[in-house]
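**Q** Fit chain B to the known structure of chain A by using the hints.
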Amino acid sequence: MSVKTIDRRTMLKGVGSISIGLPLLEEMIQPAVAATKDDVPIRAFNIFFGLGIPAPLQAEGFDDVLEPLKPLGEKLLIMRNVNQIRCDESGINAHYDGAAGAFTASAPDGEARAGGASIEQLVRHAHYPAGQPTGVVPTLVGGTFFRRSRVGRYIHSYNKDGTVAATIQEKPRDLFARVFGSVTLASGSKDARRRVLKQSVLDSVVDDFRFYTGANSPLGAKSKSRIADHLDRIREYEQRAFALDTDPNAPKRPRRSEIPHGGASDPGGQGIDITLEQLTTEWRLLADLYALSIQMDRVRFGSLTFLAAGERIRLTGEYEYDGKHRWSFDDARQQNASGDQGCSHEWWHKFNEAHMKMREVAYFLHQLNDKDSLEVNDRTIMENSMITISTESGDGRHNDVKRELSGVFHAITGANGRFKTGQIMDVGAEGIDVYNTMLGAMGVKDQLGSDDRDNQTIDQIRA
Amino acid sequence: VHRFFTVACLLTIFISDLQHTDAQDTVRVRGGLQVLYTFEAGQGYTVFDRSASDTTLNLKIANKDAVKWLDGALQVNSATTIKSAAPARKIIDFAKRTRGLTVEAWVNPANDRQDGPARMVTISGNTSRRNFTLGQDANYYDVRLRTTVTTTNGIPSTATPSGTATPRLTHVLFTRHADGTTRIFINGEQQATAQIKGDFGNWDDGFTLSLADEASGGRPWLGTLHLVAIYSRPLSTKEVTQNYTAGPGAKTGEMLAQRRHEQFFESKIAPLFAKNCLGCHGAASHKGMLNLARRTDAFKGGESGKVILAGKPNESLLIEHVISGDMPPEGPALTETEINDLQQWIKNGAVWTVDVIDQALYANNRPIEIWLQRLTISEYIGTVQQTIGVDIAEQATTLLPPDIRADGFSNTAYNLNVDLKHIETYAHLAEQIVQQVDVAKFAARFSKSRKLSTDDTMRDFVADMGGWILRGPLDDREISIYSGIATTIASTGGSYDEAVGLIIEAMIQSPRFIYRVEHQRGDGSAWPVNDYEMASRISYILWGTSPDQQLMQAAKDGRLQDATNVAAQVKRMLENPLAKIQSARFITEWLDLDRLENLQPDAKRFPAWNASLAQDMQRETVAFFQDIVWQQKRPLADLFNAQFTYATPRLAKFYGFALQTNSAENELQRYDLSDVPERGGFLTHASTLTVGGDDASMVTRGLFVLNDILRGAVNDPPPGLDTTPVPAKKGLSQRSIAEKRIANSACTGCHSKFEPLAFGLEQFNGIGVFNNHDEHGNKLRADGEILFPGTATAIKYKSASELMDLLANNKRVQETMTWKLTQFALGRPLTAADAQITNQIHTAAWANKGTYQDLITAILTSELVMLTRTQTE
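Chains A and B, in that order, give the protein sequences. Counting from 1, position 8 in the first sequence corresponds to residue 8 in my numbering; the numbering is continuous, with no gaps. Counting from 1, position 790 in the second sequence corresponds to residue 790 in my numbering; the numbering is continuous, with no gaps.
Honestly, I wouldn't trust all of these hints.
[Stated by the list, open to error] Stretches of chain A that chain B covers, calculated by requiring three or more beta carbons in the stretch to come under 8 angstroms of a beta carbon on chain B: (1) 153 to 166; (2) 205 to 216; (3) 410 to 419.
[As the list claims (entries may be wrong)] With a Cα cut of at most 25 angstroms, we get these calculated DSS-like pairs of lysine-lysine: (4) A:420 x A:445; (5) A:171 x B:421; (6) B:421 x A:160; (7) B:421 x A:222.
[Stated by the list, open to error] Listed next, with one range per pair, are the computed distances between beta-carbon atoms: (8) A:445 x B:744: 43 to 53 angstroms; (9) B:126 x A:195: 53 to 63 angstroms; (10) B:597 x A:71: 41 to 51 angstroms; (11) B:473 x A:215: 20 to 30 angstroms; (12) A:203 x B:449: 18 to 28 angstroms; (13) B:126 x A:215: 24 to 34 angstroms; (14) B:152 x A:445: 43 to 53 angstroms; (15) B:791 x A:443: 28 to 38 angstroms; (16) A:215 x B:152: 24 to 34 angstroms.
Bear in mind the hints are in silico, worked out from the structure with no lab data behind them. The beta-carbon is built from N, C-alpha and C at its ideal position, and this holds for glycine as well.
Only chain A is shown next, with the shape it has when bound in the complex (with noise of 0.2 angstroms):
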């Protein structure tokens, strides 16, 4: 399959072989929000791909796997020597405590936890304290993955707590679903005095959950927190089943994904077998709707991954880029094992199949770098955005004693102009001073880590 954006009016008519069916019209791309030319909505995303850029592979620049992030090369900052902070936890393992770390600079806290925010939800709350828009979903997690054994691999959006900032979406009918979906009343009367009535059982549960978030609850700090998540979605559910479901441009949802998704598609940490086309056409068409999402001004934060940290699928298949034919998948035979032993997971360590991963974390930028992604301002969301890029490990084989999570791969977009662009820069840094960098430039005031910490600024990132 040879890479190829599709455009965004088009995309929905055929994606692989997956038709979504969507009537693209051009009234239906209206913004939930309306931005006024002073008014470039604050964004970001983090986004995450399984297994890594070994170290050395890096240094080839464009040359090799970073190759199709060479067009996008102007609006990307791309960072080298980032080390992230020792995540392990006794018994756990490396890969997990690097995905969690990712985006977080914490070591996990337990099986489901990270060990703090993610930058993106910090951005989130400094900027919109009192919520977003109407009709912006709060946290959108989307990711393609197939190894599930520990959240951490996968979620990549974490409240202040730790906890996961939102349930992921795998199918992109879900994530479909939970975005443009109108939620509906069971009953689906449009029956007006029904529909009063609902409201008032809706109000009355509203009420008492308010309660539970305010001066006089009973609970304690986090399950208040937890309640006032729940509050916030009633709100939503709310704010959809009441106000949306008549809306006639509502787009109809994408057929069904047909590769495995929940349990099936990890079997307990032993892979499964999938062809590059089918790895590749779900991601895409959750990477299309997610990049939709955001072009519609639906979604403003939250993650999405390629591939879990420590992946396990055995892959076949032919891998073409730019017309070329690079590489034959075929991970079970050439290991010549079966099960877990015959995955990818020990695989890609050890050559450049990054070049795909780029592939196809380029191909998600590119949706939000055409011409309908032009905003206000005359730059692309990507630009305005603060997209982070990475992954759980950067030397490969965690070759560095001291240091096994050294040279992680990093690249950001500008952000609105905060960020210098157009570069590869050995940054030389620690994760932690490089997001707290990020975060400072995003003018938000929270910072990761223990506050007793010596924070480095890192001034040659920023514009």
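**A** Just chain B, lined up with the frame of chain A:
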């Protein structure tokens, strides 16, 4: 022996109590103690609270000239207030929850004429407003206790007969049970009883605690105070006798100092050793012949002699080495604070509370976090069934997002978050549930009236129905919210049934239905959960669903603050099939049996594998567990070596068993394994053997046993290590690969701890088939050795069955079962702070037969369930 209701800070004192059972007649009751005044100060204006709780309630003497300090007593010669500076919130809050109370005093009245009654012990505002008062009215004692059915002055009161109050040293004890029964004991003998119904919901939070006079003055009591104590629960007659026998002179100072030293060791020193020392100086690798994990060995010292000299930090080698930086030899040196802690600990006698420091306990230590628990999908389904009588399983399972497994279980509270899909589904399900219920019939359970008007009838109806659906009484706010729906219905011309239906819809989307809401705020210490919270804890832990009517009635009657009553409820509820279903959830989650639904072994290597077989394997382990637990009620340890199993004909053929006759394709049959020595116990089931993947990884299987069976800890592989699995080949079996790793000095420290654990399973391939040779023709063996965490010497075994026997009989393994079930019960990972109570649970359960029933009863009657740690914010 169990005792309950102690606040967290007293939990370990309670242990001390148990350790002194041979002298129990001299030890005062500690459980539920809120304040204790023993008048030992001897001087000054302050009467110190010696209860040793996290928050003390000291009292100030207003007029020092009015009193005289005696040896362990305070003589009040003229009117003065002896009052707390702040409201007596901890007593008030606790009593509100428990609806029980005990007020005790050793006193010597100055005369038998003072009246009013003269206030001896009172929590009140003035002469006519109180929460309670213990007083003397001439020659008898009188207790005014305010409840929701008495006056604000606590009338009617409970009084002893005339002549019981005389100028002599007297033990006066008032106790009130949650069911309303009050009793007054004089010198250990019951002298009065009454029924004071109601609860303490109307107690004033702002009242202070006063001795010897009303808070506002004007009702002085004169005499000598020797001891005053208040408990947040009723004391039994036996306990009353115990306190009376203990006498007025119970000194607490020494005991408290000892306890502080013990806490210092547990909170500072043991974690410090675990983190910095035990890697080299532990049980397994005691370098320099020094084992700092075991108490006796630590004090014995090592090659250099004794390293800890109690009371002499400057002469202790341990201090010398850490100050010089010689120890620890690698990693960061101890901080100044840590060194100071060590010095302080040795100076104070090097108190050491455990036989062995459990390194695993501190491996991933973190503070206890309290999250409210959202109902899991199965809990939601069970609760709807229990409260509304509707089976919503199919829809709920299909529509609700799955609960994700975290820290080994999918009911881990911090991970039970919500998203839009939950909200939408709850709304849809609520409507479907109401559509399936006979609303009129359901409503009739709570009200005969069918009036839609929102008068008192409707409010009462909402209160009654809500109390059932939401698992506890509703307050006015809630009644107003849900009654409001009826107003809306009325205004649109709707019917009573329609209103009820929509009220139910709202209630089952409300926080108190979706979540297990409990009162979490307080002073940071552990408080008793209230009766309704306790009812929910019992039923969700035991059944995975909401309480039934009997349990709710017990809560209403205030019978769930008492461990004996709780145990009785548990015994009753264990007979219900729901308990069996919940136990199956536990074993499924512990062993991650749902994993089998998605396993896809290489079809070429394992052509026998198919989805039906995988399901049979899953069912085998659950059926085996159910047989041990429910049919035979055998000790849980037998799960490791019981010589029988269950199999369908398909699975029996796969295992190579002689097929039993007359069994249907999917029917499980019991197989006796007496003649199948290689199998027996769940670790020889294919369901768990598949954990090692296609290649039956020794590493993965060994780590499974280490982590999930032995509760052991092992460090990560070092950075830079190529962890690519080495494939077996002719002449190189998985065991020989493992043995090479173990022989490698760089690997042996960790791999020797877990890979030999899997040796006994070597003859089972990746999907659990027993073989004598692997696919490369290498001969397979089953002998090996096992090093139990905390021990120094590995134990050899010759076969899988010997390994299973070793596991079954090992205390560490049995403790792990306690830990796993306790974690599942609490819905959160356990921490070091839970260790002591968890060990009590274990001791209690294994003091009986060590059955599932014993264990779950011990858990439910433990302080981990009957108390909740409050939060100050």
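**Q** Against each hint, give a clear statement of whether it holds in the structure.
**A** Structure-based check of each hint:
1. 153 to 166: holds (count 3)
2. 205 to 216: Answer holds; 6 residues pass the 8 angstroms Cβ test.
3. 410 to 419: Coverage by chain B is violated here, the residue count being 0 at a Cβ distance below 8 angstroms.
4. A:420 x A:445: holds (21 angstroms)
5. A:171 x B:421: Holds: residue 171 (chain A) and residue 421 (chain B) sit about 14 angstroms apart, inside 25 angstroms.
6. B:421 x A:160: holds (22 angstroms)
7. B:421 x A:222: holds (22 angstroms)
8. A:445 x B:744: 43 to 53 angstroms: The hint (43 to 53 angstroms, Cβ to Cβ) holds, given that residue 445 (chain A) and residue 744 (chain B) are roughly 51 angstroms apart.
9. B:126 x A:195: 53 to 63 angstroms: Given range 53 to 63 angstroms: holds, Cβ gap about 55 angstroms.
10. B:597 x A:71: 41 to 51 angstroms: About 44 angstroms separates the Cβ atoms of residue 597 (chain B) and residue 71 (chain A), which means 41 to 51 angstroms holds.
11. B:473 x A:215: 20 to 30 angstroms: Since the Cβ atoms of residue 473 (chain B) and residue 215 (chain A) sit about 22 angstroms apart, the hinted range of 20 to 30 angstroms holds.
12. A:203 x B:449: 18 to 28 angstroms: The hint (18 to 28 angstroms, Cβ to Cβ) holds, given that residue 203 (chain A) and residue 449 (chain B) are roughly 25 angstroms apart.
13. B:126 x A:215: 24 to 34 angstroms: Holds: the Cβ-Cβ distance is about 29 angstroms, inside 24 to 34 angstroms.
14. B:152 x A:445: 43 to 53 angstroms: Holds - the Cβ-Cβ distance for residue 152 (chain B) and residue 445 (chain A), about 51 angstroms, lies within 43 to 53 angstroms.
15. B:791 x A:443: 28 to 38 angstroms: At roughly 57 angstroms between Cβ atoms, residue 443 (chain A) and residue 791 (chain B) fall outside 28 to 38 angstroms, so the hint is violated.
16. A:215 x B:152: 24 to 34 angstroms: Between residue 215 (chain A) and residue 152 (chain B), where Cβ atoms are some 27 angstroms apart, the hint holds.
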